[in-house]
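Number of protein chains: 4
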Amino acid sequence: MINVAIVGASGFTGLELIKILINHPQFNITYVANSSGNTTVSQLHSCLDGVFDMDVKKANASQLAKVADIAFLALPHKASMSFAKELLDLNIKVIDLSADYRLELETYEKFYCPHEDKNNLKHSIYGLPEFYEDQIKNTKLVANPGCYPTATLLALLPFVPYLDQKANIFVDAKSGVSGAGKKLSDITAFVNTNENMFAYNAMKHRHSPEIDEKVFELTDIKVNVNFVPSLIPVTRGMLVSIYVTLEDICDAKKVLKDFYKDEEFVRIKENPVNIKDTSGTNFCDIFVEQNGNALFINSSIDNLLRGASSQAVVNANLMCGFEAGVGISKIAYVP
Amino acid sequence: MINVAIVGASGFTGLELIKILINHPQFNITYVANSSGNTTVSQLHSCLDGVFDMDVKKANASQLAKVADIAFLALPHKASMSFAKELLDLNIKVIDLSADYRLELETYEKFYCPHEDKNNLKHSIYGLPEFYEDQIKNTKLVANPGCYPTATLLALLPFVPYLDQKANIFVDAKSGVSGAGKKLSDITAFVNTNENMFAYNAMKHRHSPEIDEKVFELTDIKVNVNFVPSLIPVTRGMLVSIYVTLEDICDAKKVLKDFYKDEEFVRIKENPVNIKDTSGTNFCDIFVEQNGNALFINSSIDNLLRGASSQAVVNANLMCGFEAGVGISKIAYVP
Amino acid sequence: MINVAIVGASGFTGLELIKILINHPQFNITYVANSSGNTTVSQLHSCLDGVFDMDVKKANASQLAKVADIAFLALPHKASMSFAKELLDLNIKVIDLSADYRLELETYEKFYCPHEDKNNLKHSIYGLPEFYEDQIKNTKLVANPGCYPTATLLALLPFVPYLDQKANIFVDAKSGVSGAGKKLSDITAFVNTNENMFAYNAMKHRHSPEIDEKVFELTDIKVNVNFVPSLIPVTRGMLVSIYVTLEDICDAKKVLKDFYKDEEFVRIKENPVNIKDTSGTNFCDIFVEQNGNALFINSSIDNLLRGASSQAVVNANLMCGFEAGVGISKIAYVP
Amino acid sequence: MINVAIVGASGFTGLELIKILINHPQFNITYVANSSGNTTVSQLHSCLDGVFDMDVKKANASQLAKVADIAFLALPHKASMSFAKELLDLNIKVIDLSADYRLELETYEKFYCPHEDKNNLKHSIYGLPEFYEDQIKNTKLVANPGCYPTATLLALLPFVPYLDQKANIFVDAKSGVSGAGKKLSDITAFVNTNENMFAYNAMKHRHSPEIDEKVFELTDIKVNVNFVPSLIPVTRGMLVSIYVTLEDICDAKKVLKDFYKDEEFVRIKENPVNIKDTSGTNFCDIFVEQNGNALFINSSIDNLLRGASSQAVVNANLMCGFEAGVGISKIAYVP
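Protein sequences appear in the order of chains A, B, C and D. Taken in order, the first sequence gives residues 864 to 1198; the numbers are from my numbering. Taken in order, the second sequence gives residues 864 to 1198; the numbers are from my numbering. Taken in order, the third sequence gives residues 864 to 1198; the numbers are from my numbering. Taken in order, the fourth sequence gives residues 864 to 1198; the numbers are from my numbering.
I should point out that these hints are in silico values taken from the structure, not numbers from a laboratory. Please note that a few of the clues may not be correct.
One copy or two, either will do: identical chains are not told apart, so a pair holds if it fits within one copy or between any two.
The list that follows gives simulated cross-link-like pairs (lysine-lysine, DSBU-like), each with its CA atoms no further than 35 Å apart [claimed, not checked]:
#	residue 1	residue 2
1	1132	973
2	1067	929
3	981	1120
4	981	1067
5	1120	1029
6	921	1132
Here chain A stands alone, though its shape is the one from the complex:
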């Protein structure tokens, strides 16, 4: 058993990490923290009452390092990098769920803020296991991808080599409300979101550069996705529709099937994907339909699991030498 810490236990991704790790056969939760401390896990999350309880400490790197070997950081960006730096100096492995180690320095500073841990940034590995498995196995710092880039990259990457590079790439992405986090806001108030749907940050979302960068890193092809995210009135789940134009007409269904034929957590579907089939799991479901040179690529993930916490545990599994799927759920919240 390896001792693990969860920092940022109050939010949705913190809760999901706890829920996964409680039953994980190889990891043992020994440290739970948030920004204020002085509480317990079951006070933060009443659903865990009688299931799992533990003091929640005010986050402190050296205390963490005494009791754990690996840490999950479910913190806001900026807060995350300063804490990660301390942990890495103490030789603790880190899976960072924030944006802090996902981007090239320049891109990060353009879309977020000045970076405070440039040294570790150079060596961080992007935690998308289907594409970075070997590097993940050998790193001490994984930058866990965001939910939008995860669902977009897994759907888009198989087709990048076939695209007409002069044509636009459009991504229409729909997220459950939990994706906006636990902080109260107009956008997450029931009355504003229920029976409603709307886009936000259309064509300007800061997840676009994350997608562009990784596509280039993995294919050597420059893209500039036009990204339009929307909130939909569901609690969890994410559905992504990608619209692209092919250079040469390929058999898109075959391309997709071949590309992921050995992947445990990607399912190629015969029908358009839906949110509920992946909700509660680490799966990414993908479907593709073509009309001449026009392509509709359609993917679904659980935004809090494959888009955050279960993908983080897969990365931890790999970093610790376990099989990717140890302790990871494939059983959806259906019905």
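Based on these hints, arrange chains B, C and D on the given structure of chain A.
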């Protein structure tokens, strides 16, 4: 006061017609029918108990013609054209909410069934008032547009002259569940739709030819939209996202504003549109955002009103010489 | 036309007042205010963009008195009474939607705070038109009932004379989330409320004394209702279940029908009531079922309309000598 | 490992059984059937694609008996008893999720239909583990309780000895829509249920006699609960409010805590219970509040798990000599 008939009173669009016409200052409901008769309006729709009641007859054209001068047909396609034909022969004005008179003969027969009223089909007018107002005023037969084409055409048409004609047009359209009608099906069962979202008939929906045909009719430009409809877990409302590529870069926001500057029922918005702002009204809200030559056009309508029943009453108003907006609601179901 | 003011235009009940009064044939909105001013109606409520616009002022009684004859106050309790007092001194009629004038002094001060307008409190009339119509017609100050008391009193009052006075009265009341107001809170966050349901302030809600007091005032019978409110994952609507025990077995369905036989806005139903049939209207639907001496009384209202804003306009109608139902909607938001 | 069969794999409770048993450390699914056969598990339930697959046979008792030692029957009542009888003759242990073995003969025949397996009915054990654990361990036939009786009995039973026997007992029970089963009906259509709530079979539901009978069996006290079930617009979950009157005033919170102090799957809460905390688990959460002799008892379960499938697996665990909680989830579907 003009006497009006509603045929097809059991469904959602039939109910919406009744709700509008009860309070209409110029129309008087004198005939209500469905396919079986032998019931009353308040038995069909308990919400109208104590508000409006009337026998619901088994639909019969000659009986209708004795008591009404204009008829709304909220019938399934095929059933509609045989009934419309009878009414037109009896000199009754018809607003047909089905697909039967919307398409060119060839297109209709390819996507639906053999047409049984070719003669009237030639003279029917497409009831999109912003584009066909003069013809509507002088016709006896309006083919009321479908909800998907209404929301798509109103958003797309201002930009057609500016498009790169070699680039693909993508339409990602989301409909509330009422759009699937009242008939029980897996797709409209609560447990399948709630907390879920999924596309259907992706790139193959029979509303695409309706859009293509009308774009050509109005602009002389051939398009071939790639149309992907989805159901979202809301009862009413429709949100459409259109992704296109410009030939020459124009000021999209200005183009849009100028195009609709005199229209009463089209609102140009500064922010992405949402479903609730148009729900309960005849408005179409439109927003546009551009990124170089890439354009995101975003529209919202109430699928049952602007997408069916209130647009039908606007058409009836025009056919009878009234102002377009008489008796038409602008007050949304918010919150 | 009578000039009216709306104070407290930012919240849900303020919006509903505006929506009703825009189309009211006898009232003319001449003054709209909230606590900060410096905005417009359509900035506060984007759904009214292009429909109705007007400056929203910082609330000021003497400015209001210059342009309006009657004022609707949709303010928090406490804020309301100090403003109402000023208006009444200026001879403006007031319909107060807060709790400030609903209760006996002692009760008010026990459950809320010290009262600052005891003089007017003595003369205020409780705005439940079915029971206080004559007094409402002759008052300058109406205390508009809360949504829970409205739905409970209308259902309970017909049966009070038949009850076993030693048996407990239980009220299980379910409210849509808009009933909790527009202020952000954990209880109104989408993720906490969606796919969920829970009681709050069980047996301790401050709406119980409002119910007890009015029952006594109207029947001379002392009751002590056990009131358990819950939030349900719908935006608007309220469903109340009342469980009581009869002294002598009566024909409950007949008692109910007879009691309300002349009422325009109460409908007695043959089947359990539902939320959607009253949503968007001023109706209160009531159903009753009995099992020996056990009675289940079941009512439904729109919490924002019959439970607040449309009832307020009915009261204003009566205060100004109009028919109760002028400008009041009976057309539900169905489907 | 013990080989188990699931008969009735198409419905929601069948799916939940499969989901639990896939990962159960002691049970091995060897037979899956429904009424028609000729399909596979993943064709019935697309969420299990790539997770678990197996042919689904047309149900046949002797074939089942060749490959399994214990069978879960998730069949409609009536269909269940004829199949159970065959299995019991073949010496297969049966957990029946229908109503067929839950009631006394007379009661069953009054509320359902003539009974076709009277002999086994005499020996069936009611599968509410907190009250029948020893008998369950030694039976071959468990009648798994319905969801309404489970949530009601667990909340009511601790207080039965303290009740004023002349006062009425009222149960206001709210169920998620999945409780109405997978069959299409108006009541389960999205548009009718979304943004809505309504009671059905008020004071006449056939789950009342199940509750009355078990209370008498366990306490020797005759009760006659007044049961009012409602559907709420959530997919899964159940919330029950019980209103009763005490004979002598007891400390209700202490009574409740003491009663369940050793139970693994009952949690006594300090605040009103909610649906999400138990959703996805086998927990029953209970809260109680009193006001003099008036009591509000409030319980929450997952209708498909504690109200059906996970309780069934707990029963199977006990019948096979395992700990009650083996393979049973305590991790809720939160958020």
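Hints and how they fare:
1. 1132 with 973: between (38 Å within a copy, 28 Å between copies)
2. 1067 with 929: neither (43 Å within a copy, 48 Å between copies)
3. 981 with 1120: neither (39 Å within a copy, 46 Å between copies)
4. 981 with 1067: within (25 Å within a copy, 49 Å between copies)
5. 1120 with 1029: Both. Shortest intra-copy (26 Å) and inter-copy (29 Å) distances satisfy the 35 Å Cα cut-off.
6. 921 with 1132: between (45 Å within a copy, 27 Å between copies)
The structure shown violates the earlier hints numbered 2, 3.
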